[in-house]
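So the chains spell out like this:
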Amino acid sequence: MSSIAKGTQQNIRPVRKKGFWRTLGGQWQLMLMSVPMLLYVLLFNYGPMWGWITAFQDYKPKTGLLGSKFVGLQNFQWLFGREDFINSIRNTLAMSVINLVFGTVSSILLAVLLNEVRNRGFKRTVQTVTYLPHFLSMVIVVGMAQNIFASNGAINNLLMSVGLVKSPVFFLGEGKYFWWLVGVINVWKEVGWNTIIYISAMTAIDPCLYEAASIDGAGRFNRILHVTLPGIKSTFVILLIMNIGHLMEAGFEIQYLLGSSVVMDWSQTIDIFVLKYGISKQQYGVATAAGMFKSVVAIVLLIGANYVSKRLGEDTLI
Amino acid sequence: MTAYTPRIKKSHGIGHDRVFPVVNAVILIVLMFTTLYPVINTVAYSFNEGTDALRGDIGLWPRVFSLKSYQSILSDNAVYQAAWISASKTVLITLMNLFWTSMLAFTLSRKEYVLRKFITTVMVLTMYVNAGLIPNYLLISKTLGLSKSYWVYIVPTMFSCFNMIVIRTYIAGLPDALVESARIDGAGDIRVFWQIIFPLCKPVLATVALFVAVGSWNSWFDTHLYCGGQKNLHSLQYPPRPAPTPPKPRRTRCAAPLRPRPSPSAAPSP
Amino acid sequence: MRKLLSAILVLAMILSLVPMALADEEPITLTVFRGDPGDQPADDNKIYKLIEERFGVRFEFEFLAGDLDEKLGMMIAGEDYPDLFDGGNSADLIINNGALINLLDYINPEDTPRLWAHIEPQKARLIEKNEDGEDVLYIIPNYGLTDGDQIVNEVNGPAFFVQKQVLAWAGYPQIHTLNEYFDLLQNFLAANPTNEDGTPYIGFDILCEDWRHFCLINPVQHLMGRPNDGEVLVDVNSPDFHTETFIDKPYAKAYYKKLNEAFHNGLISKDTFVMNYDQYIAQLSSGIVLGMFDQAWDFGNATAALKDAKMDKNTYVALGLVYDPEYVDGREIEEHYVNGSLPNVRRGFGISVNCQCPERIIAMWEEMMSDEWQLIFNWGIEGEDYYVEDGRLLMTEEQYAQRNDSTWKIHNRALAFFESSPKKQGWILEGEYAGNCWDPANQPEIVLGLMNEYDKEFLAAYGYSKFADFVNPPIELAPYGEAWQIDYTPVDVEHQDFLDIQDKMLPELIMCDPADFDALWDEFVEKITPSATAFGEYMWQAVQAEAAKVLGE
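Protein chains in written order, with numbering that gives the first Met the number 0: chain A, 0 to 317; chain B, 0 to 269; chain C, 0 to 552.
So that you can see chain A by itself, here it is in the shape it has in the complex (with noise of 0.2 Å):
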């Protein structure tokens, strides 16, 4: 299919010669279909940039833009400044890439063994029911996790019932074990529901090639790899350069609620750091510069993701 895809693109590649102006005005119904998206996003996403000021001012919500201080790149340097904050990039891009990195094989399994099911009703069934803990409140999720992480919670019982361990293991006390934490919870919550997005990409595919597949011999295992997986690749392709350009989101409710002051070394993602240092410290300009600082880098690990895409070949984004 892709081969066929191919070749028909390169047929309609716009024709340079022709000149700017008068392609963009053969193509006016284009415009009339996406201009108006196009101003709605300059105004709800790019109007109140001006916000971006402000950190560079010592930003008072009172005096507001105009009558603030400017200080220079002051809310930058005390920034970079202080060790927690350093500490706190650390671990929201280790708990990025933990949740990334399992997040993704872990959906992209569970869809695939989804795929394999050939009754419909179960295969419903199961994925409803994966879908709840996507809906459940990320209190609830994360006091059920602190009993069963407890010391004497479900697994260190099993831990020392398998002999595994002598004494409890301390999960919730040890920053070792945060991340992994968080890892765990993330993907167990949200595994079914990032399904979603691949079963929709399995429908797609066409079942000629199934069949095909199995013609030439192929096994179970073997149509996985040579169609399924093929069949979901530009969607994994593009998920993951969108959210390489997440990383630098790891979130705070989380780490908020399963950190403790024991912990806070490796439990402190930026976006807790600017809740405890910008707002409710009433230092605007800080937030706002913790918030630039984490778009750029966003747009760098992006357009970073995008040129590896492209250069093997692969879909991209832009």
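By construction, these hints were calculated from the structure, which means they are not laboratory data.
We treat Cβ as the ideally placed atom computed from N, Cα and C, and that holds for glycine.
Heads up, a few of these hints could be off.
[Stated by the list, open to error] Under the rule of at most 30 Å between Cα atoms (straight-line distance), these lysine-lysine pairs were calculated in the BS3-like manner: (1) Lys68(A) <-> Lys280(A); (2) Lys61(A) <-> Lys147(B); (3) Lys110(B) <-> Lys201(B); (4) Lys257(C) <-> Lys175(A).
[Stated by the list, open to error] If the Cβ cut is set under 7 Å, some of the chain B residues that face chain A in the computed set are: (5) Pro134; (6) Asn135; (7) Pro155.
Fit chains B and C to the supplied structure of chain A, relying on the hints for placement.
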């Protein structure tokens, strides 16, 4: 959660077509149990008497059955109004999103469109740049004057770039010949989109509709920012319970009670 | 022509008078913001109906959902203030940004005698000076302006708590020092490792979650014989109110060393440092925690759950512990846990600069300070919610019980408004109900009626009449008030560091190998000294300034 490791090993090791479906079913059933348990547990809590529930340790069935929490919610008519707000805004937002998003996705999937790269870049960046809460608030509340109105739920959320990309990826997977032949028949882009591509996008539109509807149904932050004081505009999810970010008193006051509470002796003896 | 002209003039005058005459009666809707989470009243709430009938005022309430500072920041940026504005824990923020009007423009002895009489006794604390040196009052405190002798039936603030059964088991001993307390817990636990169901007891819990870490970091000042001053210790006997942070001082080391010992004796579980508030309440409500340091209002839910489950022996007694002389160079320390009453400064409703009708709100409050309205807010409607017998205000058990029912409350009480409004507290001093209490929860007949048999016998064994007898009676506060109320925004960042180091290292100290304790303590002191010094010095100045303000009047 524990189902992961075994699953990876098994799915790779199985070659026999008779064993696989059974193993697969077992894995999925185990996974279902781990995801179902917390949900049932939450429901059990909601049917448990409030004071008793504080003691925790409730499994799949309430310990002291009580309909109090439900009676409490249903005793005020406000809940019906909130249900109406939630439902109507969810439907409206979903329709809006499907329409605008799929249309844009179509244009950005057309490789010959000269503005494609520019618009795509502008759109994609919206996912990564954020001006911060206050500028956004001032735009919506002051410049556009949308606060304290129903439209604040609809207007700022008509479009999502993520969903646009999802649809665009789907459209890109459709055979280009479809568009080509329609073109040869003399159809304009609008007609191609509306009559050929849109109907073919049903599966992905269903997916996107699910994303948008769930997101809209669960949202409470917009109510919190713009309509917190308008009881008749509250949605079912507002105020969020339990609070997603537990209210954090400023450290300034942490060392003592915010205000005298009724002394514990005030609790009635049963 | 003239006639016509004068007729028109008369007509115009009449017309212009009509709206003026009606203005007072014209129904208005006041927008209200409360800086804490709460329940919206039901549409058919009977008290709000009364208010609407009498004052023509309806309310649109907004309660806090999400982060307070974030919400207030946006309100300030957009100048979107409600009419009645309770900034909760961050009231300083809205005041410093000029969101509230000066109530002294409306409150004075002539026009508002009741409100004036209400604030007058504490005006030295309440009235502040603004930048221009004018007297200003932004908020009438929601609590703490009480009439008559202070009512303390039970400790509601900080204390070391212990289950009643532990004291009963030990033969009702007097427990006054740190060593006595931990010895008692240790002995009980050795004799009773589990409860009747076989669940192990937990000797001592330390809640460390977020802002509730006061259970971990506050006890030292109380052991030194001082009431709650937040994170500093004030020497009230020194002429300049010497103020210092206590956590980094040698006398604090003794307490954490004691906890380290208790940890290794199995009294404290590791899990206590990572548990959240819900888990803490669940543990307390199950009756398996023998003791803890906390403030009684913080675990009121657990006490209610224990009483509901008839686990009276597992409820708690507040003890006022001090250091044994061995820890403080042989000094005998006098315990001071319960304070004299103090207005809740800068807490409650202010009126925002956006409000179109401040005089109407003041007039309403003035009227609401009458006995009639205070009874309606506190007790409800006579015959429905309470009854009167021989001049005594009373409730049936059922009437009292429904006050804790959240469904009943949203239909029958005006708490969303009343909690943040000026109110009378303490004893009713005059009028036909003189000698009763404003708050039903304090009314002696009700307090006595609620006391169960177990508690009566328990108190009888000690020869006490109320649980507050376990600690010293309220002691008048020093002029500076309570240091935890002082705003320290200028050293906010240093203070955060100061707290973070404690939060991180105190649990380490408690859990570490006893052989390493001294070295780790020195490391802790070294790390915390810079931020502690910055914060401590700021607080010293602030305490002096506060004292000067009150003494100067």
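These are the hints, each one checked on the structure:
| no. | hint | in the structure |
| --- | --- | --- |
| 1 | Lys68(A) <-> Lys280(A) | holds (17 Å) |
| 2 | Lys61(A) <-> Lys147(B) | holds (22 Å) |
| 3 | Lys110(B) <-> Lys201(B) | holds (22 Å) |
| 4 | Lys257(C) <-> Lys175(A) | holds (28 Å) |
| 5 | Pro134 | holds (3 Å) |
| 6 | Asn135 | holds (5 Å) |
| 7 | Pro155 | holds (6 Å) |
Taken one by one, the earlier hints all hold for this structure without exception.
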